[in-house]
Amino acid sequence: MSALSGLKRWETLLLVVLLAVVALNGIESKYYWGVGNFVNLFQLSIEKSIVALMMTFVIIGADIDLSVASVMGLAACVMAWTFQQGAPLPLAILLALGSGVLAGLNNAFWIAYVGLPSLAVTLAGLIGYRGVARILVEDRAIGGFPEWFNTLGQQALIGPLTLSIVIFVLLFGFFAILLHASAFGRLVYVVGSNIQAARYSGVRVGLVKTAMFVGSAAVAALAGILYAARLGSVRGDTADGFELDIITTVLLGGVSIFGGKGNLVGVGLSLLLILNLRNGMGLADITGNTQNYVIGGLLILSVLIPNLYQEIQNRWKGRKQ
Amino acid sequence: MNWVRRHIRPEQIRELSLFMLIIVAVLVFGSLIDGYYSFRTFNRIASSVAIITVVAVGQTLVVLTRNIDLSVGSIAGFTAYFVGTLIANHNGINPVLAVVISIALGAAMGVVNGVIVAWGRVPAVVVTLGTLAIYRGVLVDLSGAKTVTTDSLPQWLVDLPRLNVVPIGDLDIRALFVIALVIVVIFQFGTSYLSFARRFYAVGSNPEAAQLIGLPMKRIVFVAFVACGALAGLAGFMILARFGNITVEAGRGLELSVVAAVVVGGVNVFGGSGRVTGAMLGAIMIGILEQSLFRLGISEFWRDALLGLLILLAVASDAVILQRLNQLWARTELKRLETPASTSNEPERSRS
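So the sequence lines, in the order shown, correspond to chains D and A.
Using our numbering, read the first sequence as starting at 21 and increasing by one per residue.
Using our numbering, read the second sequence as starting at 598 and increasing by one per residue.
Calculated directly from the structure, the hints in this document are not laboratory data.
Any given hint could be a false lead.
[Said to hold, decoys possible] Stretch-level coverage of chain A by chain D, calculated; a stretch enters the list once three of its residues show a Cβ under 8 Å from a Cβ in chain D:
1. 721-732
2. 905-912
[What the hints assert, rightly or not] Ranges of calculated distance between the beta carbons of each label pair, as one might list FRET restraints:
3. Asn327/D to Leu812/A: 17 to 23 Å
4. Pro108/D to Asp748/A: 52 to 58 Å
5. Gly56/D to Arg637/A: 56 to 62 Å
6. Val134/D to Ala806/A: 24 to 30 Å
7. Glu935/A to Tyr133/D: 32 to 38 Å
8. Gly252/D to Ala622/A: 54 to 60 Å
9. Ala107/D to Val697/A: 55 to 61 Å
10. Ile783/A to Asn334/D: 52 to 58 Å
11. Ala43/D to Gly741/A: 29 to 35 Å
12. Met617/A to Asp260/D: 32 to 38 Å
13. Ala742/A to Ala43/D: 30 to 36 Å
Since this is a predicted model, take the numbers as computed values, not measurements.
Glycine included, each C-beta is placed from N, C-alpha and C at the ideal position.
Let the sequences and hints guide you as you build the complete structure.
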């Protein structure tokens with residue numbers, strides 16, 4: 021019961037902070053209230069938002085995937101390289117998605133079937149997949165994609181919304197149902213809260229973990245392709261360091277790093293909060309670098325505050341007894 | 598076979614096989630690169646290895662306690678830049694004082710990590726991923742995009758990396774390499790014989806047991822992070838000495854090489870086992886890879902892919918093969934204990 025009310029309290033807190041940030045942004049800049057700025061606000065880190073959705077599953081399952089940013093870069097580079105070799109772009113995109121699935125299968129094999137810690141495996145992935153991307157692209161920048169590809173990445177598709185935003189909204193709905201209203205979603209929670217109990221109850225833990233990691237990498241690959249479409253060119257360091265924002269978003273959304281707790285509503289709120297924070301700081305002429313370490317601070321606080329809160333609550337209870 | 602089992606531990610077999618791998622790597626690169634077997638190659642690899650080794654020793658302590666410190670690259674960069682600026686502005690500063698300031702600055706950043714991990718109960722990955730961004734971000738903001746240049750530094754610092762401590766014929770053993778060796782020796786002996794340092798192993802190999810026998814868990818984890826920060830600070834000073842020109846990008850990505858070195862060197866990611874000398878061997882392996890691939894020119898881009906593969910293989914072989922070996926050894930030990938006659942003259946061995 022206390023866990024549930026604690027969760028509710030966390031989301032209420034997020035909502036209050038979010039409203040405060042929105043209000044501040046509104047007062048700070050007259051450019052804030054405009055459809056253009058709102059679309060822009062989403063569009064500027066839409067790829068990270070997409071990856072954060074699947075990362076939520078991984079962290080609820082008590083694992084972590086540090087390799088997502090490198091998989092984004094890998095997919096973008098695979099696409100650009102095969103396109104440059106003369107393959108038609110749709111084929112290149114398929115191959116890029118395939119490379120993401122392969123990376124995910126590789127992570128899943130070592131984690132789910134050999135039993136290595138996901139931290140070590142995906143750290144190796146973070147270095148290794150980025151390495152493969154660098155081998156393909158070296159120090160060039162590959163661009164010159166067909167017009168339709170860049171248009172899809174940059175121009176609005178439905179009303180003011182771009183393709184990436186449409187995909188994000190669809191995925192958010194799909195993942196919300198998958199996590200909160202499907203058998204698979206329940207299994208992710210079970211595996212995350214007590215893996216031993218899950219094993220003894222006959223849950224096929226290996227399969228659940230495989231689905232988590234392959235899903236995470238596949239979504240990251242998709243996001244990498246969307247990112248390439250938005251930028252119009254691909255380099256070896258495409259999406260470098262994005263894991264910081266992605267993991268921060270998920271943890272700030274109230275998903276427990278120890279697994280088993282959290283939901284997509286919280287992650288959605290934390291997405292909005294981070295986007296608005298970055299947007300507000302941008303409008304207030306605060307540089308991207310300062311924004312980065314504000315995000316770093318948020319990452320630590322999002323785990324530290326609930327811990328301290330619990331500590332205080334425990335002490336208080338102890339005194340009452 | 599029994600003799601082997603009684604006198605060599607699985608960890609030593611692992612270090613031995615890594616040593617063989619290093620020799621194979623040197624032979625392979627030697628056949629691919631003209632003039633590879635030269636003192637110049639040795640010196641270049643040695644300076645690179647020295648910096649990775651010093652940070653890897655600190656990282657070993659942290660990993661032993663089942664934690665990880667991803668912020669070491671930022672700590673080293675921060676220290677290199679700030680001590681560099683300090684020395685550039687006050688050329689007369691005492692060299693010893695400069696080193697002390699570097700270590701203290703690094704330790705201070707380690708204190709922040711340690712407090713949040715130990716007393717805030719926030720997982721080390723989360724904390725150090727955050728401070729990785731924070732330390733680097735603060736550095737970029739405070740620096741105002743200026744750089745430290747070699748000609749603003751005093752002569753002793755510029756000469757330090759080329760300072761030849763032990764000349765053996767044409768072979769130079771340079772200052773930075775000696776610093777790294779001294780650190781390795783101190784910490785190898787410390788972690789083997791000091792009771793406080795043995796606690797790192799206790800905390801990492803069985804936290805519940807360590808808690809039950811009353812070890813101050815939080816303080817031990819805290820000390821590991823502070824030591825790691827201090828050594829990263831020292832490495833920052835070494836980076837300053839080696840390169841002279843320091844931008845705000847100094848040390849970026851160092852944490853990846855360091856974690857790779859530690860894991861390849863046989864320090865178990867589940868905590869509780871691994872040795873400082875192993876981490877040094879790991880650093881040598883990584884240093885050889887980095888510098889030799891650089892010499893091969895085009896294959897420079899292969900570095901990260903190989904590094905990732907190496908980490909994966911190291912972790913996997915530890916989990917699968919070393920576990921088997923340990924079971925085999927434990928069985929021999931058990932047999933030995935069942936026949937009391939042979940145990941009487943065996944000295945007590947500490948397990949690591």
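Comparing the hints with the structure gives:
1. 721-732: Since 9 is at least three, the answer is holds.
2. 905-912: It holds, with 5 qualifying residues against the three required.
3. Asn327/D to Leu812/A: 17 to 23 Å: 21 Å, holds
4. Pro108/D to Asp748/A: 52 to 58 Å: 54 Å, holds
5. Gly56/D to Arg637/A: 56 to 62 Å: 59 Å, holds
6. Val134/D to Ala806/A: 24 to 30 Å: 26 Å, holds
7. Glu935/A to Tyr133/D: 32 to 38 Å: Since the Cβ atoms of Glu935/A and Tyr133/D sit about 36 Å apart, the hinted range of 32 to 38 Å holds.
8. Gly252/D to Ala622/A: 54 to 60 Å: Roughly 41 Å apart at Cβ, these two residues miss the hinted range, so it is violated.
9. Ala107/D to Val697/A: 55 to 61 Å: 59 Å, holds
10. Ile783/A to Asn334/D: 52 to 58 Å: With Cβ atoms ~41 Å apart, the hint is violated.
11. Ala43/D to Gly741/A: 29 to 35 Å: Roughly 33 Å apart at Cβ, these two residues keep to the hinted range, so it holds.
12. Met617/A to Asp260/D: 32 to 38 Å: 35 Å Cβ-Cβ, so the 32 to 38 Å window holds.
13. Ala742/A to Ala43/D: 30 to 36 Å: Given about 34 Å between the Cβ atoms, the range holds.
When each numbered hint is compared with the structure, violations occur for hints 8 and 10.
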